[in-house]
Amino acid sequence: MSPEDKLKELGIELPAPAKPLGIYVPALRTGDLVYLSGMLPLKDGALVCTGKLGEQVDIAQGASAARIAAINAIAALKAEIGNLEKVKRCVRLSGYVASAPDFTDQPKVVNGASELIGAVFGEKGRHTRIAVGVASLPLGSPVELDFIFEISD
Amino acid sequence: MSPEDKLKELGIELPAPAKPLGIYVPALRTGDLVYLSGMLPLKDGALVCTGKLGEQVDIAQGASAARIAAINAIAALKAEIGNLEKVKRCVRLSGYVASAPDFTDQPKVVNGASELIGAVFGEKGRHTRIAVGVASLPLGSPVELDFIFEISD
Amino acid sequence: MSPEDKLKELGIELPAPAKPLGIYVPALRTGDLVYLSGMLPLKDGALVCTGKLGEQVDIAQGASAARIAAINAIAALKAEIGNLEKVKRCVRLSGYVASAPDFTDQPKVVNGASELIGAVFGEKGRHTRIAVGVASLPLGSPVELDFIFEISD
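Protein chains in written order, with this note's numbering: chain B, 1 to 153; chain L, 1001 to 1153; chain A, 2001 to 2153.
Just to be clear, a hint being listed does not mean it is correct.
[As the list claims (entries may be wrong)] SDA-like, lysine to any residue: derived pairs with alpha carbons at most 20 Å apart:
| no. | chain 1 | residue 1 | chain 2 | residue 2 |
| --- | --- | --- | --- | --- |
| 1 | B | K124 | A | K2108 |
| 2 | B | K19 | L | R1126 |
| 3 | A | K2108 | L | G1140 |
| 4 | A | K2019 | A | L2042 |
| 5 | L | K1088 | L | K1108 |
| 6 | B | K108 | A | G2140 |
| 7 | L | K1108 | B | V25 |
| 8 | B | K124 | A | L2042 |
| 9 | A | K2019 | B | I23 |
| 10 | L | K1108 | B | E115 |
[Said to hold, decoys possible] Among the chain A residues that face chain L by a calculated CB cut under 10 Å, a handful are:
| no. | residue |
| --- | --- |
| 11 | N2083 |
| 12 | E2085 |
| 13 | G2133 |
In case anyone wonders, no lab produced these hints; they're calculated from the structure.
Glycine included, C-beta positions come from ideal geometry on N, C-alpha and C.
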């Protein structure tokens, strides 16, 4: 099943790629790698929630936000490469989680994104990952994700 | 116009590459990619300002510091590749902004670097980017930047 | 001397690779690059220390934790590529240091990892690096490291 079919089965419609918050592009290809810019949990132009893990945002909300940021990443990827069947591998997911000083469950939050990538890309979605707790994020977002995909034409 | 000419037009003289703060090299090439180490807003061996965004450092100062860190990055890149006309693309800029807990304008700070890269490299300077707010940075720096460039010989 | 012999000389026995804390793989190869997931200072399944630099953890403990995380990284790398003599270069080390708001000696902490990589891989261990202070890390770890290695078969 293609990633596009899998998205349909999951009931996910890819949004229009989010407008960058600064002077940069959402995605670019170098060799066989596509780098994506930092992705936020935006829906219809607004964050689905704001605040930090361990404060205003709980783990379930954070994981759900990470899932939405991952959907935005897939939208940016598709806008860049045209066809998600070109994805050979999700190489790297970096998850930045806005965290209260004592919050240490970043992996559970970023799993919201990793699960979606696995559901959409199957074996090709198995990626390396970092998850770190940061002081704060653009717009007050609880999570920001950064991806590298390997592509084959 | 070459990046070197563009720097001259902007009145920017590249400094000697900053001495690493630890056991690492400022830049290295793997395949067609050049990775740079974390760049700080050092000038003549000292930070142009210290502190965090949302505390001692305002957005304009932070953006100016990011611009200086980007100039240091270009200096490290030139020391590695010899000639900036070899740059095919700025692939990635990661901007780490030392942030007070409630500061959420990291993109405006990192824009100080993105604007300079665009001014010097034109279309080839269009990059992907992340901007995150971190707890603190080496020497009390307000920003640290990390770049990947694609090179063609 | 091979990296394996060097490890023996240093009295280092590589542990079994740590189990990922989420839905991801410890390492993967794309082209000539091997990406590793975030590595923690785990020993026999537990962190060697917890807390932040500038609070519960001092620089010497932090550097020692970074060294252990780097040993775990080498174990994950060896599990992926089989033979450490395939390493052509350590391309990148990203060091995330859980930091009290006023701690600014991240480079000294990450040096614990850089020294080990240099000791094991010699000239091939000379890498680019970032070191940033983050708000908190998984399980309360004081450091998390992320590596990219270049491989030749």
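Taking the hints in turn, this is what the structure says about them:
1. With a CA separation close to 38 Å, the supplied pair K124/B and K2108/A exceeds the 20 Å bound.
2. Restraint check for K19/B and R1126/L: satisfied, since their Cα atoms lie roughly 15 Å apart, inside the 20 Å limit.
3. Taking the CA atoms of K2108/A and G1140/L, the gap is near 14 Å; set against the 20 Å cutoff, the hint holds.
4. Our distance criterion of 20 Å between C-alpha atoms is met by K2019/A and L2042/A, whose separation comes to about 10 Å.
5. Straight-line distance between C-alpha atoms of K1088/L and K1108/L comes to about 26 Å, which puts the hinted pair past the 20 Å bound.
6. Restraint check for K108/B and G2140/A: satisfied, since their Cα atoms lie roughly 14 Å apart, inside the 20 Å limit.
7. Using a Cα cut-off of 20 Å, the hinted pair K1108/L and V25/B holds, with the two alpha carbons roughly 15 Å apart.
8. Restraint check: the Cα-Cα separation between K124/B and L2042/A comes to about 28 Å, which exceeds 20 Å; the hinted pair is violated.
9. Among the hinted pairs, K2019/A with I23/B is inconsistent with the structure: their alpha-carbon atoms are about 39 Å apart, more than 20 Å.
10. Under the criterion of a C-alpha separation no larger than 20 Å, the hint pairing K1108/L with E115/B is inconsistent with the structure, at around 32 Å.
11. Hint status for N2083/A relative to chain L: violated, with the closest Cβ pair at about 19 Å, above 10 Å.
12. Taking 10 Å as the C-beta contact cut-off toward chain L, the hint placing E2085/A at the interface is violated, the least distance being around 18 Å.
13. For G2133/A, the shortest C-beta to C-beta distance to chain L is roughly 4 Å, which falls under 10 Å, so the interface hint holds.
Hint compliance for this structure: hints 1, 5, 8, 9, 10, 11 and 12 are broken, all remaining hints hold.
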